[in-house]
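Enquirer: Just need the whole structure built from these sequences, with the hints factored in.
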Amino acid sequence: MQTVNTEEIMKQIRTEIKEKGLDSSLLSFEEIPFAQEVSHADSNFQPASLQQSAEYLNIRNQIEAYKPVEGNFLVVLIKKIIRKLVKFFIMPIMTEQNALNLHTANAVQQVHNYIQSRAESDKIDIAALVSRIDALEARQAADKQEMAALRSQIRALQLENQELKGLKL
Amino acid sequence: MRIIQFLPTLAFGDAVGNDTVALQKAMRELGYETKIYAEAVDQRLPKDTASDLCAGMPELNPDDVILYHMSTGSKLNYELEKYPCRKMMIYHNITPPHFFHGYNAQAEANAQYGLDGLKHLADKIDFCFADSDFNKSDLRKAGFACPIEVRPILIPFSDYEKKPDMHIIKKYSDNYQNIIFVGRIAPNKKQQDIISAFAFYKKYINPESRLIFVGNWGGMEKYYNRLVNYVKALELDDVIFTGHIKFPEILAYYQIADLFLCMSEHEGFCVPLVEAMYFQVPILAYQSCAVPWTLGGSGFLTDSKNPAETALLMHRILTDDTLKNQILSNQKERLQDFQYEKIKTLFAGQLRSFLQEK
Numbered sequence: 001m002q003t004v005n006t007e008e009i010m011k012q013i014r015t016e017i018k019e020k021g022l023d024s025s026l027l028s029f030e031e032i033p034f035a036q037e038v039s040h041a042d043s044n045f046q047p048a049s050l051q052q053s054a055e056y057l058n059i060r061n062q063i064e065a066y067k068p069v070e071g072n073f074l075v076v077l078i079k080k081i082i083r084k085l086v087k088f089f090i091m092p093i094m095t096e097q098n099a100l101n102l103h104t105a106n107a108v109q110q111v112h113n114y115i116q117s118r119a120e121s122d123k124i125d126i127a128a129l130v131s132r133i134d135a136l137e138a139r140q141a142a143d144k145q146e147m148a149a150l151r152s153q154i155r156a157l158q159l160e161n162q163e164l165k166g167l168k169l
Numbered sequence: 001m002r003i004i005q006f007l008p009t010l011a012f013g014d015a016v017g018n019d020t021v022a023l024q025k026a027m028r029e030l031g032y033e034t035k036i037y038a039e040a041v042d043q044r045l046p047k048d049t050a051s052d053l054c055a056g057m058p059e060l061n062p063d064d065v066i067l068y069h070m071s072t073g074s075k076l077n078y079e080l081e082k083y084p085c086r087k088m089m090i091y092h093n094i095t096p097p098h099f100f101h102g103y104n105a106q107a108e109a110n111a112q113y114g115l116d117g118l119k120h121l122a123d124k125i126d127f128c129f130a131d132s133d134f135n136k137s138d139l140r141k142a143g144f145a146c147p148i149e150v151r152p153i154l155i156p157f158s159d160y161e162k163k164p165d166m167h168i169i170k171k172y173s174d175n176y177q178n179i180i181f182v183g184r185i186a187p188n189k190k191q192q193d194i195i196s197a198f199a200f201y202k203k204y205i206n207p208e209s210r211l212i213f214v215g216n217w218g219g220m221e222k223y224y225n226r227l228v229n230y231v232k233a234l235e236l237d238d239v240i241f242t243g244h245i246k247f248p249e250i251l252a253y254y255q256i257a258d259l260f261l262c263m264s265e266h267e268g269f270c271v272p273l274v275e276a277m278y279f280q281v282p283i284l285a286y287q288s289c290a291v292p293w294t295l296g297g298s299g300f301l302t303d304s305k306n307p308a309e310t311a312l313l314m315h316r317i318l319t320d321d322t323l324k325n326q327i328l329s330n331q332k333e334r335l336q337d338f339q340y341e342k343i344k345t346l347f348a349g350q351l352r353s354f355l356q357e358k
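Protein sequence lines correspond, in order, to chains Z and L.
169 is the number that the working numbering gives the last residue of the first sequence; the numbers go up by one with no jumps.
358 is the number that the working numbering gives the last residue of the second sequence; the numbers go up by one with no jumps.
In short, the hints are calculated from the structure, not lab data.
Do not rely on the hints blindly, as some may be mistaken.
Claimed, not checked - Residues from chain L that face chain Z, not an exhaustive set, calculated with beta carbons under 10 Å:
#1 F12
#2 A15
#3 N18
#4 A40
#5 N77
#6 W217
#7 H244
#8 P248
#9 F300
#10 K342
As the list claims (entries may be wrong) - A few chain L positions that, by computed beta-carbon distances, are all more than 10 Å from chain Z:
#11 D63
#12 Q280
#13 D321
Every value quoted in this text rests on a predicted model; they were computed, and no experiment measured them.
Every residue gets a Cβ at the ideal spot worked out from N, C-alpha and C, and that includes glycine.
Expert: Structure follows, in structure tokens:
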């Protein structure tokens, strides 16, 4: 590896800042207030937002009933007993919820796939239209050139005609 | 003997998911019988990549080996001990919870749950792989006394040879200097320090420059909104947040990048640094966490977060061809250490030495 003299470079840069009197004080990030609660009710369609939600749902659609219990021995024991007692009630709900989540995730993914495939086909359509416009523009330019050539031919013929008329007279 | 890779979530395209899938391929090439089990498998992965852990684990024998990927809080951290076989763990690191404070209470709680799980596992694992020296020292601090070997993440470089998005290349291939950072929008990555350095650079040094953050902000909307407000308050133009984008678009951003600027304060490995090496983008990075290890003497490390100093450093790297070439040459050399075959050989040796121990 080649040696990069970082210390020397940093020294030179610090000297440069001092000599030029560069003011490094900027508005600090700490002065920016924390944003308010994030609203997902934006009326505009945001493809990136849909993609992120679909991705999140893809990965995190299964919830867990299990959470580690904390506290002293007695508290842990009581919590574990309660957990055993309510297991028969919680587990079927969790299974149903997980099934619902899975279908929701799938539905969102399908919507996302559909929008993406539409966007892809739109892209292809646009590319085809752009190339057609390019071809038409090229044809128009060629036609213009041809017309200009014809005009100059007409002018030449008109001049020739005038000359011939002059000769006749 | 089977080697079962075991993890809470197998995601598509993230560092842990890529590593798990790449390891499966490598272990099969080495002749091992292996399979991945995960509680949640990203639906975008090919169907036979992994089995659903909720459908049940196979019967494990004492001869079998679990290779557990540890990167998050999960009940699996407390269930691993019940399997009657030898256990190896790959530690990808857990972001300290305090970074998420005020931005995402769930992420903060999950990170704490993960760190508690890590401590719980300290005496239940027989052998550990760590993605970096930094991760190894984190494991020691968490109480792991078992052998720990450093093994960098397996990166599928062949993916980077795919065609980049030409629209992006065309759009940003102008006379502007493109400064990029690739990675999730997350408080531990300190994107605000990149913004402040860029603000100074654009204002006093080069107005013809743009800053591009490539990465999604899912789950970190509050932090993202605060960053956007910071950019507005600084009256900065040409700061782009791409959000989640497709892989060819990521490749395109690396292609148009003139400098990779990283001010992160917590990384377990930082794959984008290796990606920047691959695309020959000079790296300027803050000296913290696993970053110095991953750079391995390449790139340019700074211990300063002063915006003026960082901005002048950016300018120096972008304009001093000798320095830039030195950095790129060192990065090219370091990149060799992350080649698939090299990591695979390293992993094979470490795996063999563990499996031979009885």
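Enquirer: Which of the listed hints are not met by the structure?
Expert: 2, 3, 8 and 10
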